[in-house]
Amino acid sequence: MSPMVQGMLTIVIGVGGCVGYFFFSNLILDKVIFPAKGPNPSININRANLVRPWLFLFPAMALLGLYLLYPVVGSFYRSLFNRAGDEFIGFGNYGVMFADDGFQTALFNNFLWVLFVPAAATFLGLLVAQLTDRLSWGNIAKSLIFMPMAISFVGASLIWKFVYANNADIGLINALRDFFGAEEPLDVLQVAFWNNFFLMVILIWIQTGFAMVILSAALRGIPEETVEAAIIDGANPFQVFFKIKVPQIMGTIVVVWTTITILVLKVFDIVYTMTGGNFGTEILPSYMMSYMFRDDGRATAVAFVIMIVVLPVMIWNIRQARAEMR
Amino acid sequence: MDNIAGTKSALGWVVNLSVVFLVVLWLIPTVGLLVSSFRDRDQITASGWWLSPFAVEQNYQAKIPAGEAVRDGDFFVIEGNIFNGGEGEVVRFGGTRAAPTAFAPGETADLRRDRSLTVEANGDFIYKNPDEIKRDPNVYYSQATPSRFSLDNYKTILFSNGMDVAFINTFTVTIPATIIPILIAAFAAYALAWMDFKGRGLLIAMVVGLLVVPLQLALVPLLQLHNKVGIGQSFLGIWLAHTGFGLPLAIYLLRNYMVGLPRDIIESAKVDGATDFQVFTKIVLPLSFPALASFAIFQFLWTWNDLLVAKVFLPSNSESWVMTVKIADDLLGSRGGDWGILAGAAFISIAVPLIVFFTMQRYLVRGLLAGSVK
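Each protein sequence line maps, in turn, to chains A and B.
Per our numbering, numbering through the first sequence is continuous, rising by one, with the last residue being 386.
Per our numbering, numbering through the second sequence is continuous, rising by one, with the last residue being 458.
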């Protein structure tokens with residue numbers, strides 16, 4: 061059966077199954093198990109209403125549990141076993157991993173990414189948001205800067221391969237170097253240490269639009285009186301921006317920053333397509349992929365390290381969400 | 085606010101210029117790719133895409149037929165035209181492989197052992213050699229070729245490279261993986277927004293927490309699980325995986341939106357005797373359309389652009405490659421130097437997301453805002 065037919069069938073079965081499940085489970089609950097008639101209908105109605113939320117929640121919770129909760133435990137458990145998965149070796153994978161040069165490079169590079177990408181993307185996003193705020197053609201400008209968000213990391217990497225190409229007739233960087241008198245083209249992706257930053261530029265290029273959209277909405281939400289009062293008191297545009305506007309949207313800036321940080325810890329595509337992790341550009345997600353299919357013990361150990369790094373943000377997010385609900 | 089005292093017009097200029105600068109900076113890489121994808125593959129390596137409207141100098145090599153040599157005094161001489169009467173203009177020429185463009189047209193190149201070569205701009209050449217000419221001598225020249233734009237790269241990729249299969253596969257992965265989670269998430273979001281039960285707060289917190297769980301964690305255990313239950317690496321497997329991974333965001337977005345719906349409507353419907361199921365299907369679901377659209381766009385872009393999940397949960401044979409895998413694992417590896425093909429392939433893979441992006445941007449922005457700002 062061709063995948064396309066299979067796909068259509070899946071849509072029909074999936075959607076039909078969902079609708080059927082929700083409809084019939086409710087019907088059975090109301091008509092068969094706790095019918096709203098007989099000796100004590102009101103008790104039955106109350107009981108039915110106690111059960112119903114779980115009918116609504118069940119498919120989602122089952123999938124969440126299986127596809128996101130179970131893996132946290134499952135990955136940790138698997139990481140305690142050797143490559144073949146038949147011998148318990150405790151924290152052996154972690155020990156070998158931390159001693160590995162490749163892992164240390166990946167950890168260090170990832171640290172650079174986490175430090176640099178969210179900062180640059182948030183800053184540029186804020187800059188664009190502020191600059192376009194009162195501009196007549198601001199929406200067009202924003203839409204164009206937002207566009208890379210729609211492009212896959214693989215597509216974006218290819219786009220930037222044309223910028224970084226080791227050839228003055230293809231790559232813009234080398235064309236510029238050539239223009240300023242450099243003799244030989246330079247493969248910027250092989251320049252130790254700095255190549256990491258050239259890769260980060262790609263993600264910044266993508267994420268600036270995201271930061272811009274959210275921060276621009278936050279800037280719009282600032283009460284105009286505060287800005288007007290500052291201007292009347294003689295504040296110049298820079299003071300208005302840094303002393304009045306930025307403090308008021310600090311909460312949003314933090315949200316944007318953490319969201320991009322989380323993303324940075326997941327993206328393996330850029331490194332994978334641009335350098336394959338060579339020339340000292342490995343980061344944790346790509347390091348993990350180099351062990352995927354080869355040594356599941358090592359791969360899960362790396363994945364669990366990523367999880368540990370993400371954990372503080374997760375806890376912070378949950379606390380924020382709980383505070384909001386009160 | 086432009087008319088408030090303190091806003092200077094000079095500043096306005098600076099703002100306009102810097103925004104123009106930023107937008108151009110942001111667009112240049114994509115424009116480069118787009119232009120390159122239409123260029124002739126030999127021209128891509130011969131001149132930068134920013135020079136693509138102009139003629140390109142490309143180097144060629146021709147052989148002078150030794151059989152046409154004529155004795156002229158002390159020399160054997162060959163005369164002729166390197167274009168063989170065709171059109172063309174020689175820009176530079178040379179007589180050795182080491183220096184193919186050493187001389188300007190009209191100059192005489194003195195070669196080793198008293199040989200000489202003269203090439204005119206129209207292609208006429210004179211070759212002189214004191215010895216008898218046995219093998220065809222080489223002449224190297226560069227010629228200005230007018231810039232050529234064509235759809236050849238796209239034709240090559242689509243019809244001879246398996247990109248058509250990858251394109252269809254991407255759709256096959258994307259559409260069920262977008263539609264199925266919406267429905268499941270909508271019911272759960274309704275329960276979390278409008279139904280009272282014990283542990284609701286805890287479940288919401290869990291969904292928020294799961295939003296940031298790194299996908300990497302899920303790969304190994306789930307692939308093992310899929311293998312154990314017989315799904316293995318297959319389309320069914322990737323649909324399930326994408327559904328599971330998309331649910332936290334879907335539930336979170338939809339719940340945030342549904343909570344904001346007016347309480348009166350829902351309560352009056354309940355007073356009139358509507359069950360929760362009816363309230364959901366007849367009132368909440370239609371009203372939540374903007375949020376549903378937002379999530380659908382997110383999930384579509386995410387599944388279309390995904391490389392990681394496709395690499396792990398789909399079979400690794402070329403019939404099941406989606407476009408991202410095709411580009412990253414096949415085109416970049418085996419045709420790493422074929423820039424025309426790469427540009428065309430990249431543009432095919434980003435065309436659909438770009439269309440979705442520009443037509444549905446409103447919903448995308450709304451979804452982003454609902455997802456991260458309160």
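There may be inaccurate statements among the hints.
[What the hints assert, rightly or not] Pairs of lysine to any residue residues, derived as SDA-like cross-links and limited to a Cα-Cα distance of at most 20 Å, are as follows:
(1) Lys326/A / Leu115/A
(2) Lys354/B / Leu115/A
(3) Lys312/B / Leu232/A
(4) Lys354/B / Asn104/A
Everything labelled a hint here was simulated from the structure, so no lab data went into it.
Against the structure, the hints:
1. Lys326/A / Leu115/A: violated, 33 Å
2. Lys354/B / Leu115/A: Within the cut-off at roughly 19 Å; holds.
3. Lys312/B / Leu232/A: violated, 50 Å
4. Lys354/B / Asn104/A: Between Lys354/B and Asn104/A the Cα gap is close to 17 Å, so the pair holds against 20 Å.
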